[in-house]
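Enquirer: If you want the building blocks of each chain, they are given just below.
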Amino acid sequence: MASAPGVNYLNESSGLWSWLTTLDHKRIGIMYMISVLSFFLIGGIFALLMRLELINAGKLFIEANTYNQFMTFHGAIMTFMVIIPGVPAFIGNFILPLQLGAKDVAFPRVNLLSWYCLMIGAIISFSSLIFGGADTGWTFYTPYSIDKAAGGTLLMVLGAFVMGFSSILTGLNFVATTHRLRAPGMTFFRMPLMVWALYSTAIIQIIATPVLGITLLLLALEKILGIGFFDPKLGGDPVLFQHFFWFYSHPAVYIMILPAMGIVSELITTFSKKQVFGYKAIAFSSVGIAAVSFFVWGHHMFVSGQSLWAAWLFSLITMLVGVPTAIKVFNWVATLYQGSIEFRSPMLYAFGFIFLFTIGGVTGIFLATLGTDVHFHDTYFVVAHFHYVMVGGTLMAIMGGIYYWLPKMFGRMYNEFLAQMTFVLIFLGFNVTFFPQFILGSMGMPRRYYNYLPEYESLNQISTFGSWMIGAGFFLALGVIIHSITRGEKAPDNPWGSKTLEWQTSSPPPHENFRETPVVTGGPYEFSS
Amino acid sequence: MESSKESHSSHAHAEGEHHTLPFNVYLSVFATLIFLTIITVWVAQFNFGAFNGLVAMGIATLKAALVGMYFMHLKYDNKLYSVVLVGSVGFLILFWFFTYFDFITRISESSTL
Amino acid sequence: MSSAVNRTQGEYAHHYDSAAHEFETSKFGVWLFMATEILMFGGLFVAYALFASRYPEIFEEGSTFLNWKYGAANTVILLFSSLTIALSVYFLQKNNTKAAALNLFITLLCAGGFMGIKFIEYSHKFHEHLYPGKYFSHETTVENLALYFSLYFSMTGLHGLHVLIGMGLITWILIRTLRGEFHSKYYTPVEGVALFWHLVDLVWIYLFPLLYLV
Amino acid sequence: MLGFIFSSLFNLIFVNANASTYMPFQGTELSESIDSLYGFLIITSLISFVLLIGGMIWFAFKYKRRTDNDSTPNIHGNTALEFLWSFIPFVIFMIVFVWGIIIHKDMRNMPKDAFEIQVTGYQWGWKFDYKSGVQTNGEFAVPVGVPVKLIMKSDEVLHSFFIPAFRIKQDVVPGIYTSLWFNARTPGDYQVFCTEYCGTSHSNMLATLKVMAPNDFENWLIENSKVKDLPLAERGRLIIEKGTCVSCHNISNERKIGPGFAGLWGSNREFADGSSAVADENYIRESILYPAKKIVKGYANQMNAQNLSESELQAVIEYFKAQASSNESNKDTSMNLREQ
Ligand code: HEA
Ligand code: HEA
Ligand code: CUA
Ligand SMILES: [Cu+2]
Chain A
423 MASAPGVNYL NESSGLWSWL TTLDHKRIGI MYMISVLSFF LIGGIFALLM RLELINAGKL
483 FIEANTYNQF MTFHGAIMTF MVIIPGVPAF IGNFILPLQL GAKDVAFPRV NLLSWYCLMI
543 GAIISFSSLI FGGADTGWTF YTPYSIDKAA GGTLLMVLGA FVMGFSSILT GLNFVATTHR
603 LRAPGMTFFR MPLMVWALYS TAIIQIIATP VLGITLLLLA LEKILGIGFF DPKLGGDPVL
663 FQHFFWFYSH PAVYIMILPA MGIVSELITT FSKKQVFGYK AIAFSSVGIA AVSFFVWGHH
723 MFVSGQSLWA AWLFSLITML VGVPTAIKVF NWVATLYQGS IEFRSPMLYA FGFIFLFTIG
783 GVTGIFLATL GTDVHFHDTY FVVAHFHYVM VGGTLMAIMG GIYYWLPKMF GRMYNEFLAQ
843 MTFVLIFLGF NVTFFPQFIL GSMGMPRRYY NYLPEYESLN QISTFGSWMI GAGFFLALGV
903 IIHSITRGEK APDNPWGSKT LEWQTSSPPP HENFRETPVV TGGPYEFSS
Chain B
116 MESSKESHSS HAHAEGEHHT LPFNVYLSVF ATLIFLTIIT VWVAQFNFGA FNGLVAMGIA
176 TLKAALVGMY FMHLKYDNKL YSVVLVGSVG FLILFWFFTY FDFITRISES STL
Chain C
2 MSSAVNRTQG EYAHHYDSAA HEFETSKFGV WLFMATEILM FGGLFVAYAL FASRYPEIFE
62 EGSTFLNWKY GAANTVILLF SSLTIALSVY FLQKNNTKAA ALNLFITLLC AGGFMGIKFI
122 EYSHKFHEHL YPGKYFSHET TVENLALYFS LYFSMTGLHG LHVLIGMGLI TWILIRTLRG
182 EFHSKYYTPV EGVALFWHLV DLVWIYLFPL LYLV
Chain D
1210 MLGFIFSSLF NLIFVNANAS TYMPFQGTEL SESIDSLYGF LIITSLISFV LLIGGMIWFA
1270 FKYKRRTDND STPNIHGNTA LEFLWSFIPF VIFMIVFVWG IIIHKDMRNM PKDAFEIQVT
1330 GYQWGWKFDY KSGVQTNGEF AVPVGVPVKL IMKSDEVLHS FFIPAFRIKQ DVVPGIYTSL
1390 WFNARTPGDY QVFCTEYCGT SHSNMLATLK VMAPNDFENW LIENSKVKDL PLAERGRLII
1450 EKGTCVSCHN ISNERKIGPG FAGLWGSNRE FADGSSAVAD ENYIRESILY PAKKIVKGYA
1510 NQMNAQNLSE SELQAVIEYF KAQASSNESN KDTSMNLREQ
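Residue numbers (our numbering), protein chains in the order written: chain A, 423 to 951; chain B, 116 to 228; chain C, 2 to 215; chain D, 1210 to 1549.
One should not assume that every hint holds.
Derived lysine to aspartate or glutamate pairs resembling EDC-like cross-links, with alpha carbons at most 20 Å apart [to be verified]:
id, chain 1, residue 1, chain 2, residue 2
1, C, K135, A, D569
2, A, K921, D, D1364
3, C, K135, D, D1482
4, A, K570, D, D1277
Simulated coverage check for chain A against chain C, where a stretch passes if three residues somewhere in it have a Cβ under 8 Å from a Cβ of chain C [what the hints assert, rightly or not]:
id, stretch
5, 595 to 605
6, 884 to 890
FYI, nobody ran anything at the bench for these hints, they're computed from the structure. Note that beta-carbon positions come from the ideal geometry of N, C-alpha and C, so glycine has one too.
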């Protein structure tokens, strides 16, 4: 049922109900976009409040308990509601079928269900605020989380459990879609690198997330029935909980970064108008990272009391994950060589990604090294590391991806100058916020600290100041996006001159994506032929 | 709408028609399963020391393989499904292995002495 | 839209190329879902293995409280139900709707029987105060015995939950079979539910020796 | 503009690249070897970073788009390069891995004849028990130049014992004993942090380590065991001021997490449930041992049962009493106390 010209997925039907019951992957993607960005706003506000409190040693305006809750909500919202659904479920949902030349994902109903899981999980998590909140940190370590933690912790755990299903269902859909719904001629090695990245991510989502599910379920049972697996008083083992938790949560950090790397591959090639350097190396390194990432989780537990040998083994395997990551980074830079590089906002974000992710990545090696991690563990060095990879990496890529695909999603362009300003603000603000935290960490300032020694004060002030800059940057970006959606200029079908399939259909695409099923005859980045 | 099969059908040999097993195969697989269950119970009376668990798990795996291959049609289906099954079990075993590795070496290798 | 698909006419959802394409894809989806189930249950098996290596004595002691006859009976029941649900797919492939429905019905009965026996077992345990974890109040000299019952209840509990979900699903496809919605060209949901049910059986195949026969 | 941003950031990183600049004081030999590993990591990372990001910026400007239909070469890759940039990082990673475990082994191998101290982490403080029977809270001392081993335990939740100047850290896990060792080489006061999140006052769960010359250390031990000879009220004051009480209470009547102590004795206390009682021996005893029983109006039930011994309890109660009588006779005493 090919739609008439001018009819697209946005305007083919209207009303809230038509959105809430839609099976169109593009509409579901937009619904994810709205939810994820709202959660991001909430999580960001928690961060700003936290940073404000940390502007001086001692109390500024909130009590220790309140701070701990802010810290927990910030961490949990940002991981479970923003960054894990952020790239796959939001951008991936929109882009994957388009890039494959498919009409939809394999299981549209499941896709919708996964959005509802996220929303229900989020509501359950937030409702914990009514019952005394949660104050365990996003890691829920036992035995603190069993009986000492604030009253709403159980709801937070159950909320994360439900949101886990959202992630599983998305992963399941993507693997099936990639295997079964490719357009004619779209062989595996003609798939855009974004698809490879999403595919690898989906594998992690399928394999790792169920373990999070059972972990949180057991934690909930522990809280309700006292089953004792993780409670030393009943013969259980708190370190076991950490094994269970990190078996999911380390692979989860690659759920966050792999698809972001996919976005960067798209941006770099498009805006240098050039064949990607080392297509297979980048594609296989995604799959390689996905597989190896399962066996490094113990690097979060070097000082937890786990065995010495286990620590060595995990340290070794962690080093191995660095190699495929390095391959990707070098290949992107090599792609620039002799390209025709255009400094559009998405490309600036891609540069920002490479710059910041490299810093985050190499400091990851500092943490993977046994001798040094003992000093850095649970200090602000770790906080700085993961903000460099998660914000400097993934969020930069998401921002770049939003600007890049906005014309496709809404058929409108954004204001280039303002968009570049958002990059400047976010990039600078980010470094001002988080670079001092590396130094604080080296100096020994522990994380999750409401109060700190006076000698850490000046660096904390710089960091808080930076958080205002980055906050301003994101608010400006929100403005640019809203402005673009409501008043932006009409976008052509392929404003960037990209070669991947999503640009071969109209902007915004019609209900079934392509008016005619595309037939693929070459690779995704053949700019020069 | 026009559609070509170039990519999808590459690994779907059975598309369009489904493989059916003869009725008797189902019955004999079931009989074998019951037989193996009896063996499981019978064998549990003996003490093979450390091998008790291994023997029981071995038989269980045999049973699981039968269910998988015949009842779940893995033997005749797309090999991808077997990869999914074996792969997930593989990851599970590795999860157990690494954690177990910590468990057994924790006392001996992290001594407070 | 897919809601308007008329299966008896051999139609399929709009984003597929053919009914067979849809069938194979759905089956792949179910298999991927199996993988998640395996890893979810797997977490419990890993916990079991670890505690069994740390406290072998509580497993020896704990299993003496279980009656292997109940376990064996349930094994046979589940294996038989696995057979019947496999046969219902077989009969649908042969367009024998009646036989398929009958087999589904027997599967449902078996599932009910399984839950019945579980109910009897659970009430015995509760009667003897063999509760999980901190509520455990049975007189015993073996330390941490409660842990065994935590494992027993969480493993069989999660499995029982799956049996219940399976019963719901089987009822659903039984009704649809009786309505004549399935035939040799279209029986995707039956195949999917059958796979799920076999998995429930697979899990029990391991649970039985692990819990009852240590 | 962008170039300027990048280069100023670069400066920032370069200036900070000195390994010893921001690491804490090197209190042990081990901390020196960790710092050299850290230095190696910083330098190799910086070189890779400069090559990579330098290359990126250089390419970005050199190959800036000139016209809308620039043509670009169709380069698919280069196996030799691919090999190079996987192999070189691999080698670096293996070097730091091996270096790391060598240090880690030293860190974890407990010296045989070490001076042992038992450490207990609790919500929220650290207790130290010496073989001689000396017991301290929030502060402990060790002799300089002697290997010291800490055997650590916790009764409730995870904590983690961290001495930044020694670069050592170890979680304290309920249900098992964990250990740490160090050999301090410079006398002085060192900061101890709790680095595993443990609830409300996680960030106040501090302790001080005093590294002392052997003589001073002997004196310290004697002094701390002499506490038992001090007048009761004086001992009470020590328990309160050196213990964790002051992390939640003020000596004055100002509120902190809990009520201030001044003027407590003999006063009429009102509780959240509307009842009230006079602050006498039994009330104070109960407030300390079973703080949840009566919650002072306007406060949350945040105080944990404090496990003070019978004689410590007596001393604390005596302190409250003495404070009240000195308040009557001379208002200045409480002022003095406040300043201490
Ligand atoms: C997007 C998420 C993301 C990503 C991609 C990574 C990537 C990596 N992380 Fe990170 N990490 C987190 C998110 C992430 N991490 C989070 C959230 C935590 C804290 C959780 C918590 O406790 O709350 C954490 C914590 C964490 C720890 C535990 C610290 C502690 O608590 O003590 C460790 C330790 O090994 C670690 C290591 C690594 C490594 C080795 C990589 C590698 O993958 C990085 C590889 C990349 C590179 C190395 C850069 C490119 C390579 C080159 C340019 C080649 C040349 C380089 C050299 C010569 C050095 N991370
Ligand atoms: C995706 C992950 C993510 C993101 C984006 C952030 C963003 C930020 N984080 Fe967070 N952080 C975590 C994940 C993340 N963090 C995690 C996992 C922890 C650990 C928690 C734990 O210990 O348990 C943590 C902990 C953490 C700490 C340590 C707390 C402690 O240990 O005591 C600090 C302190 O400075 C901090 C600060 C910040 C700041 C200032 C930002 C800023 O970058 C935020 C700026 C953003 C905004 C102000 C929102 C603006 C948004 C909009 C306007 C909406 C529209 C958006 C678009 C148009 C894109 N974070
Ligand atoms: Cu004790 Cu944090
Ligand atoms: Cu990790």
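Enquirer: Indicate, hint by hint, whether the structure satisfies it.
Expert: Taking the hints in turn, this is what the structure says about them:
Between the alpha carbons of K135 of chain C and D569 of chain A the distance comes to roughly 13 Å, so the proposed pair stays at or under 20 Å and holds. The straight-line distance between the Cα atoms of K921 of chain A and D1364 of chain D is roughly 62 Å, outside the 20 Å bound, and the hint therefore fails. Restraint check for K135 of chain C and D1482 of chain D: not satisfied, since their Cα atoms lie roughly 31 Å apart, outside the 20 Å limit. Restraint check for K570 of chain A and D1277 of chain D: not satisfied, since their Cα atoms lie roughly 63 Å apart, outside the 20 Å limit.
Counting residues of the stretch 595 to 605 of chain A whose beta-carbon sits less than 8 Å from any beta-carbon of chain C gives 6, enough to reach three: the coverage restraint holds. Residues of the stretch 884 to 890 of chain A with a Cβ under 8 Å from some Cβ of chain C number 0, which does not satisfy the need for three, so the listed coverage is violated.
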